[in-house]
Amino acid sequence: GAVVSQHPSRVICKSGTSVKIECRSLDFQATTMFWYRQFPKQSLMLMATSNEGSKATYEQGVEKDKFLINHASLTLSTLTVTSAHPEDSSFYICSAEKNRGFHEQYFGPGTRLTVT
Amino acid sequence: GENVEQHPSTLSVQEGDSAVIKCTYSDSASNYFPWYKQELGKRPQLIIDIRSNVGEKKDQRIAVTLNKTAKHFSLHITETQPEDSAVYFCAVSGNQFYFGTGTSLTVIP
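Taken in sequence, the protein lines are chains L and V.
Quick note: the first sequence uses my numbering, first residue 41, plus one each step.
Quick note: the second sequence uses my numbering, first residue 156, plus one each step.
For reference, chain L alone in the conformation it holds in the complex (with noise of 0.2 Å):
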């Protein structure tokens, strides 16, 4: 199989605390994996890359300062929103690559994030 589980779901959160949410690859290590934002009715957009030990890449305009990412082992990724704005309200959804190099990516449920 390939599971991928988020927590949490659904957060509420105040404007100007932190957030985080985590990524898990359940049944299989995955060395890279991928967060991306989804507005309504929009295609996703990858906000950053993830790499087990190393430092992550985003994408332009995302800032690193604000996104921060840390992916401690084969099996765990965190995003944590800082400083929330209520325009950083939105879907947010991590990925994994299960075979390195061979591209497929398994999905997380998605975390909606609603900043008041």
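A hint or two may mislead.
Unchecked claim - If you want a taste of the chain V side facing chain L, the calculated C-beta under 10 Å gives, among others: (1) Q161; (2) N186; (3) P189; (4) Y191; (5) Q193; (6) G196; (7) P199; (8) L221; (9) A246; (10) Q251; (11) G257.
Unchecked claim - Below, in silico cross-link-like pairs of lysine to aspartate or glutamate (EDC-like), each with a Cα-Cα straight-line distance of 16 Å or less: (12) V:K223 <-> V:D204; (13) V:K226 <-> V:D172; (14) L:K81 <-> V:D182; (15) L:K60 <-> L:E144; (16) V:K177 <-> V:E160; (17) L:K138 <-> V:D204.
Derived from the structure by calculation, the hints contain no laboratory data.
Ideal Cβ positions, reconstructed from N, Cα and C, are used throughout, including at glycine.
Add chain V to chain L, keeping to what the hints say.
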């Protein structure tokens, strides 16, 4: 970088008819072409994929065709059912992974 275009953006078909969604890409080095189905509020699910050394792949009612020369690939769904209604995304992977803009498919019973 890669430029992935997906058409149409919306598609309505009668139950039992076929649906075709097409994607074009620009980077000839791209070598992996998956299709994802995403239902409202849920994760994208990989439904079929094809690699650059294959021209066509079929899985029951779903097929994907790839034309590397023309740099386009298509998703074909036959005998559509209401549960096929969802948003479908193509993706292209070479050095990086790029998603198409999505097609909202509605199957009318």
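How the hints compare with the structure:
no.	hint	result
1	Q161	holds, 8 Å
2	N186	holds, 8 Å
3	P189	holds, 7 Å
4	Y191	holds, 8 Å
5	Q193	holds, 9 Å
6	G196	holds, 8 Å
7	P199	holds, 5 Å
8	L221	violated, 14 Å
9	A246	holds, 8 Å
10	Q251	holds, 8 Å
11	G257	holds, 5 Å
12	V:K223 <-> V:D204	holds, 14 Å
13	V:K226 <-> V:D172	violated, 26 Å
14	L:K81 <-> V:D182	violated, 26 Å
15	L:K60 <-> L:E144	violated, 25 Å
16	V:K177 <-> V:E160	holds, 8 Å
17	L:K138 <-> V:D204	holds, 15 Å
Of the hints listed earlier, those the structure fails to meet are numbers 8, 13, 14 and 15, in rising order.
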